[in-house]
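J.: Next come the chains, spelled out residue by residue.
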Amino acid sequence: MVVNTCYRFVFNREDAEDLAQEVFIEVHRSLDRFREESKLSTWIYRIAVTKSLDHLRRLKRKKRFSSLKRLIGADDDPAASIAAPERDNPADALADKERVAVLREALESLPDSQKAAFLLSKQDGYGNQEIADILQTSVPAVESLIHRAKKNLQSRLQRYYESEG
Amino acid sequence: MKMLDSKAPQVSPDTDVKLEKQPDTEMNRRKEEVDAQVMKTMRILDNMQRVEPHHLFRARLLERIDTEKRSRVVTGGFNPRLAFFGLLLTVNVGMGVLMFTRQDGSTTTAHSGDTAEAANEEYGSPALSYYDQQDGETADR
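If you read the protein sequences in the order shown, they are chains G and A. Mapping of the first sequence onto my numbering: position 73 corresponds to residue 1054, and the numbering continues sequentially without gaps. Mapping of the second sequence onto my numbering: position 130 corresponds to residue 220, and the numbering continues sequentially without gaps.
Since the hints were made in silico from the structure, they are not lab data. A few of these clues could be false.
[Stated by the list, open to error] With a Cα cut of at most 25 Å, we get these calculated BS3-like pairs of lysine-lysine:
1. A:K130 - G:K1132
2. A:K121 - G:K1078
3. G:K1103 - G:K1020
4. A:K130 - G:K1078
5. G:K1020 - G:K1043
6. G:K1103 - G:K1132
7. G:K1132 - A:K159
8. G:K1041 - G:K1103
9. A:K130 - G:K1103
10. A:K159 - G:K1131
11. G:K1131 - A:K121
12. G:K1020 - G:K1044
This is chain G alone, in the form it adopts within the complex (with noise of 0.2 Å):
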């Protein structure tokens, strides 16, 4: 589960396998800690939320860091790997990798608060108290982070999709 939250976040199976070892690490770490005042899955579940957001932060900067190299020409090709459903077709697997790409950059583009909300709500097990019990906020405030998500996601893929055409 830790690493099926992670993997929502980075869309990247071995960068999900390595969050959730760090998560796991941490929590072994910082047990003693644990003031019981949450469940404790909700407390594990809060660290990987934590650390798939500062794994997306480093990613961010690496990548400007990394658009200023190819500028200079030292760049050494990253090679995004992105979770695209298997097609026979390349020509639609094409189409679908780069559909997944358009959508990680609409989800880098919201907030911190409103990304987390909006995909653990996508997750099967995730309901809006135990989200709420996560972000450490209320239930209400929790649907319109959904809300505000889903809007915010949606205005910036029309734009694109508008821009495209």
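Starting from the known structure of chain G, arrange chain A on it as the hints suggest.
T.: Positioned in the frame of chain G, the structure of chain A alone reads:
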């Protein structure tokens, strides 16, 4: 002479309406296409398959935890970050002390100037101007 038909060829009202509707239809079609693309992209998250961790995931995790435990034992709880901040603090305090002592040095120089002036006043009195008088007499001769 055949007169030109004064009646200009008239467009039927139906064609007029059809021409007006075409840009609207085109726009609506385009909007529907965009909406379809947006929905298809958003559905990626709903259709994302669950991933199963690698079969060595647990083994790798236990190995990392073991390595961390061992390194903590070896370093005896030494925290490199804390040590680095301690070093920075020491350097900053040292610099501060150095600057403070330098300031003391420059005030000592000012004091010595005052002392020289005081000495000049004391030893520059007419009673001690013997050598000046002697020099003056020799010059007259």
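J.: Give me the numbers of the hints this structure contradicts, sorted from smallest to largest.
T.: 5, 7, 10 and 12
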